[in-house]
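Following the hints, position chain D against chain C.
Top to bottom, those sequences are chains C and D.
Going by my numbering, the letters in the first sequence line up with residues 382 to 493, in that order.
Going by my numbering, the letters in the second sequence line up with residues 7 to 122, in that order.
Note that these hints are calculated values from the structure, not bench results.
There may be inaccurate statements among the hints.
To be verified - Taking CB as the label site, the calculated pair distances span:
hint	chain 1	residue 1	chain 2	residue 2	range
1	C	ASN411	D	GLY57	30 to 36 Å
2	D	VAL18	C	THR410	43 to 49 Å
3	C	LYS433	D	ASN34	27 to 33 Å
4	D	GLY22	C	PRO457	48 to 54 Å
5	D	LYS76	C	GLU395	24 to 30 Å
6	C	SER490	D	VAL18	28 to 34 Å
7	D	GLY9	C	LYS488	22 to 28 Å
Claimed, not checked - The following residues of chain D were derived to be distant from chain C, with all beta-carbon distances above 10 Å:
hint	residue
8	THR21
9	ASP68
10	THR92
Yeah, the Cβ is synthetic: ideal placement off N, Cα and C, and Gly gets one too.
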Amino acid sequence: LAKTTQPISMDSYEGQEVNITCSHNNIATNDYITWYQQFPSQGPRFIIQGYKTKVTNEVASLFIPADRKSSTLSLPRVSLSDTAVYYCLVGSYGGSQGNLIFGKGTKLSVKP
Amino acid sequence: NAGVTQTPKFRVLKTGQSMTLLCAQDMNHEYMYWYRQDPGMGLRLIHYSVGEGTTAKGEVPDGYNVSRLKKQNFLLGLESAAPSQTSVYFCASSPYREFSYNSPLHFGNGTRLTVT
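Chain D on its own, in the form it takes in the complex:
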């Protein structure tokens, strides 16, 4: 049982380049989330999904797109990377809505992205 797996672990992009971050979970969770973590800012929600084929915006969605074509996968795309998107990106999943009792978030180990 791998839990939540994120690929790649590290990536360096030049401004304007595009890339896709992949998140995979093997726990059959309905809910999946993408967060970014910046120094002194805590974690901020980018987009989330409440089930296969659905996505919704979080707190900081601009510059990102997501897709959830399969229940176990949640993809985060950057169409035209900017230096402000330099951050550590975390994917998470949960069986039910966050804050539901006994529905903790399970996080991956993150992707460190640098945009030059």
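Chain C with its partners taken away, still in its complex shape:
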């Protein structure tokens, strides 16, 4: 599995756009990039997944440059309820099954 590096924490204010960047220099050709969100006392929740370029859903956008060595999760106009830990994961079903590693994630704090 490709190792990922994310900032430990980020602060923002309500209404701002937040961009969380994840580095994955050793990403393999078949790897997808997946982001999860975890609120206190809850299990992680799937946010978005992508392979290249840009993916957008009702919650977030995911930007992946051509070399795929990094990715950026973009949360538009955050609110207090977006305060959570965000995890970036990279892997493929062709890799080591059952070895999903979440790491420490990025703790996002949104202030009023």
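Quick look at chain D alone, frame taken from chain C:
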């Protein structure tokens, strides 16, 4: 549609006691997983199952056993609890292998276990 349900939500054990954590999913998913989450450690995979009647070891399997007798249930057992097993335990399921496209993990809300 309840998703993934874990019972119990909280439990306190004494060293040496045994217990079973139950995970149930109603999404007809093939794959199920047990993770533990410790402060500063992220989530670590304990055991997983790729289908009814099958189980496999994950990253930190020692001290735990699992069973998947029915597709919808995945049980995690601690035969002789130790303080090092104090943690929050999460169960998850997915329709296909993790990292497959459009096969996200669905997590339960966890079981907080304290071993004294």
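We went through each hint and held it up to the structure:
For ASN411/C and GLY57/D, the Cβ-Cβ distance of about 23 Å falls outside the hinted range of 30 to 36 Å, so the restraint is violated. About 48 Å separates the C-beta atoms of VAL18/D and THR410/C, a value consistent with the hinted range of 43 to 49 Å. At about 31 Å, the CB distance of LYS433/C to ASN34/D agrees with the hint of 27 to 33 Å. At about 52 Å, the beta-carbon gap between GLY22/D and PRO457/C stays in the expected band of 48 to 54 Å.
Between LYS76/D and GLU395/C, the C-beta spacing of about 45 Å breaks the proposed range 24 to 30 Å. A beta carbon spacing of about 31 Å between SER490/C and VAL18/D agrees with the range 28 to 34 Å that was offered as a hint. Between GLY9/D and LYS488/C the CB atoms are about 25 Å apart, so this pair conforms to the stated range of 22 to 28 Å. Annotated as non-interface, THR21/D keeps its C-beta farther than 10 Å from every C-beta of chain C; the closest such distance is 25 Å.
With a cut of 10 Å on Cβ distances, ASP68/D stays outside the contact zone with chain C, its closest approach being about 16 Å. Distance check on THR92/D: its Cβ is at least 16 Å (rounded) from any Cβ of chain C, clearing the 10 Å threshold; non-interface status holds.
Of the hints listed earlier, those the structure fails to meet are numbers 1, 5, in rising order.
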